[in-house]
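A.B. asks: Since the structure of chain G is provided, determine the placement of chain C on it from the hints.
Taken in order, these protein sequences are the chains called G and C. Take 1 as the starting number for the first sequence in the UniProt record's numbering and just add one per residue. Take 1 as the starting number for the second sequence in the UniProt record's numbering and just add one per residue.
Hints are computed from structural coordinates only; laboratory data are not their basis. For every residue, glycine included, the Cβ atom is placed at its ideal position computed from N, Cα and C. Just so you know, not all the hints are guaranteed correct.
To be verified - Below, simulated DSBU-like cross-link-like pairs (lysine-lysine); rule was C-alpha separation at most 35 Å, straight line:
| id | chain 1 | residue 1 | chain 2 | residue 2 |
| --- | --- | --- | --- | --- |
| 1 | C | K152 | G | K170 |
| 2 | C | K4 | G | K170 |
| 3 | C | K4 | G | K144 |
Unchecked claim - Derived list of chain C stretches under chain G, where covered just means 3 residues or more per stretch with a C-beta under 8 Å from a C-beta of chain G:
| id | stretch |
| --- | --- |
| 4 | 18-30 |
| 5 | 54-62 |
| 6 | 74-85 |
| 7 | 94-105 |
| 8 | 143-150 |
Protein chains: 2
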Amino acid sequence: MGRKVDLPVHRARAYLEPGPVLLVTSCHEGERNVTTMGWHMVLEFTPSLVGCLISAGNHSFELVRQSRECVLNLPTIGMIDTVVAIGNRSGHDHDKFAELALETEPATEVAAPLLADCHAHFECRLADDKMVDDYNLFLFEIVKARVAPRPKHPRTIHYTGDGVFVVAGKVVSRRSDFRPALLGNGR
Amino acid sequence: MGRKVDLPVHRARAYLEPGPVLLVTSCHEGERNVTTMGWHMVLEFTPSLVGCLISAGNHSFELVRQSRECVLNLPTIGMIDTVVAIGNRSGHDHDKFAELALETEPATEVAAPLLADCHAHFECRLADDKMVDDYNLFLFEIVKARVAPRPKHPRTIHYTGDGVFVVAGKVVSRRSDFRPALLGNGR
Chain G
1 MGRKVDLPVH RARAYLEPGP VLLVTSCHEG ERNVTTMGWH MVLEFTPSLV GCLISAGNHS
61 FELVRQSREC VLNLPTIGMI DTVVAIGNRS GHDHDKFAEL ALETEPATEV AAPLLADCHA
121 HFECRLADDK MVDDYNLFLF EIVKARVAPR PKHPRTIHYT GDGVFVVAGK VVSRRSDFRP
181 ALLGNGR
Chain C
1 MGRKVDLPVH RARAYLEPGP VLLVTSCHEG ERNVTTMGWH MVLEFTPSLV GCLISAGNHS
61 FELVRQSREC VLNLPTIGMI DTVVAIGNRS GHDHDKFAEL ALETEPATEV AAPLLADCHA
121 HFECRLADDK MVDDYNLFLF EIVKARVAPR PKHPRTIHYT GDGVFVVAGK VVSRRSDFRP
181 ALLGNGR
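For reference, chain G alone in the conformation it holds in the complex:
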């Protein structure tokens, strides 16, 4: 994976809205973990808000809730076996970073590490915890985004359940059919 470049945070939607599996890294008081996440959504451009569901039974849940931070890392098809391995073991009894030899880099704004092999990294701070108790739903603000400049449309993986993924395929532009007000500024 080549060098990453800064992305304006309001443009995170380009990577998150298509609905890929993400790898969530967290760190609280020196303890860190990584988990898979397929249940998330964009909520706003500015501030750059994203809703993320992390089950209360997951080891990451308390790390995220207490540190109030995380990083959303975007894996692509080349990482699928790593993604499956991360999703199928628990941080309660596994050091996934060591066992899976995950290469990490320090983040800029949060304590959780970046996963170097991922295509993009979205550093997040908890913006609203009102829905955590009822739904395990965290509302994060993306405070820093970095992305590999190429390819522009990475081959992300999208989970359908039951061990089966679909991979992002053909890119289709209908830009010329859009009203100008719906284009630009990340919209």
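C.D. replies: Quick look at chain C alone, frame taken from chain G:
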């Protein structure tokens, strides 16, 4: 589009978790509309909960808020021009059903119509409106789901912004690498 079959509502995740653009139909006191939606997430299997963002400026917002119902229809790549046309005109001043000659069918549980050309239909009732005022975020319960039996993995479209979509491509199974507890029952 061939005849659709019932789907257990907890299995809606197979179609929604990958993150496709949806077409949301609504109806309140005889007035109906349809809008595109890319900001949504699965929140629970049972009850079958999904979070959906519908902007307050959209004509559909009040129809959904007041009727407390909608249908999430799943379009595929063959409908992309219809999807773009729906997203680029407002129900405030357009009857999109008439202008775009959208074929509809009655739903079972709600007043909003099904879009016949879509691959699947998820009939929804508003389950929690606590996040509507702050975030335009509706939590719906899927109360009825119908889907075309084939293909099992439809070529859905996923929006990246700026008029550009990615299409669901290759299907990759890693089922044999999953812990049994993470498979079956729609999980």
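A.B. asks: Could you run down the list of hints and mark each one as holding or not?
C.D. replies: Evaluated hints:
For the hint linking K152 of chain C to K170 of chain G, the alpha-carbon distance of about 19 Å falls within 35 Å, and the restraint holds. Our distance criterion of 35 Å between C-alpha atoms is met by K4 of chain C and K170 of chain G, whose separation comes to about 27 Å. Taking the CA atoms of K4 of chain C and K144 of chain G, the gap is about 44 Å. The hint is violated against a cut of 35 Å. Against chain G, the stretch 18-30 of chain C contributes 3 residues with a C-beta closer than 8 Å to a partner C-beta. That satisfies the three-residue criterion, and the hint holds.
For the stretch 54-62 of chain C, the assignment as covered by chain G is violated, since 0 residues bring a beta-carbon within under 8 Å of that chain's beta-carbons and 3 are needed. Restraint check on the stretch 74-85 of chain C versus chain G: 5 residues with Cβ-Cβ distances below 8 Å, three needed, restraint holds. Closer than 8 Å: that is the beta-carbon criterion, and the stretch 94-105 of chain C has 0 residues meeting it against chain G, so the requirement of 3 is violated. Counting residues of the stretch 143-150 of chain C whose C-beta lies closer than 8 Å to any C-beta of chain G gives 0; at least three are required, and the coverage claim is violated.
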